[in-house]
Amino acid sequence: MTILLDPPATVWMAAIATAPTGLQVALLTGVIALSVYLFYVMLSPEKF
Numbered sequence: 002m003t004i005l006l007d008p009p010a011t012v013w014m015a016a017i018a019t020a021p022t023g024l025q026v027a028l029l030t031g032v033i034a035l036s037v038y039l040f041y042v043m044l045s046p047e048k049f
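Each number in the numbering used here comes from the position in the sequence shown (counting from 1) with 1 added on.
In case anyone wonders, no lab produced these hints; they're calculated from the structure.
Be aware that one or more of the hints could be misleading.
Said to hold, decoys possible - Derived CB-CB ranges, DEER-like: (1) I17 to F40: 25 to 31 Å; (2) S45 to T11: 28 to 34 Å; (3) P46 to A15: 21 to 27 Å; (4) P8 to L39: 16 to 22 Å; (5) A16 to Y38: 33 to 39 Å; (6) V37 to A16: 18 to 24 Å; (7) F40 to A18: 30 to 36 Å.
As the structure is a prediction and not an experimental result, all values here were calculated from the model.
We treat Cβ as the ideally placed atom computed from N, Cα and C, and that holds for glycine.
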């Protein structure tokens, strides 16, 4: 999985790197879930 390092993503990575472990897991899970959802929406626009 490639992460495009535009400024918002860089800020996110810095926030995740400095967050406590439990919060890191929650943030990463949310980011991955959002990425998968957006990828799915882009691949199947006729369903929406």
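Going down the list of hints, with the structure as the test:
1. I17 to F40: 25 to 31 Å: violated (20 Å)
2. S45 to T11: 28 to 34 Å: Given a distance of about 30 Å, which is inside 28 to 34 Å, the answer is holds.
3. P46 to A15: 21 to 27 Å: violated (33 Å)
4. P8 to L39: 16 to 22 Å: At roughly 19 Å between Cβ atoms, L39 and P8 fall inside 16 to 22 Å, so the hint holds.
5. A16 to Y38: 33 to 39 Å: 20 Å Cβ-Cβ, so the 33 to 39 Å window is violated.
6. V37 to A16: 18 to 24 Å: holds (20 Å)
7. F40 to A18: 30 to 36 Å: violated (24 Å)
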